[in-house]
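S.K.: Sequence:
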Amino acid sequence: MSASIIEDKIVSTRVTADISERAKDNLAKQGLTVSEFIRLSLVKAANNEVRLVSFLDSSEALKAKEEAEASQVKTVGSLDDFDVWIDIIEQKK
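Here the sequence shown is numbered in the working numbering, starting from 56 and rising by one per residue.
You can trust all of the hints, since none of them are fake.
List of simulated lysine-lysine pairs, DSSO-like, C-alpha gap at most 27 angstroms:
# : residue 1 : residue 2
1 : K79       : K64
2 : K79       : K147
3 : K129      : K118
Taking CB as the label site, the calculated pair distances span:
#  : residue 1 : residue 2 : range
4  : V108      : R69       : 19 to 27 angstroms
5  : K84       : V131      : 32 to 40 angstroms
6  : E145      : S109      : 22 to 30 angstroms
7  : A72       : F137      : 23 to 31 angstroms
8  : R77       : E124      : 36 to 44 angstroms
9  : S109      : E76       : 24 to 32 angstroms
10 : S96       : F137      : 27 to 35 angstroms
11 : I141      : K120      : 22 to 30 angstroms
12 : D73       : E124      : 36 to 44 angstroms
Keep in mind that the hints were calculated from the coordinates and are not lab data.
Idealized CB from N, CA, C, for every residue including glycine.
Put together the whole structure using the sequences plus the hints.
M.R.: Written out as structure tokens, the structure reads:
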């Protein structure tokens, strides 16, 4: 009888501290650690059980694309307005 040795592979990734903490908190509510979640996700990817979601293929995105291609767009503000809006969102975090 021969013994086989299974070698583990360490996989790492970088995310912001905020993302890490929010993920940790949300996964804990489901009884998982970040490591367990990533391990389960990688097993699913290895078994071709992952369905990638493309938001660009949604009905809303396709409709917006059709409208843009037909020049049926309307300007609702400037880039400065957009920057202000982003700043407001960032302050609420």
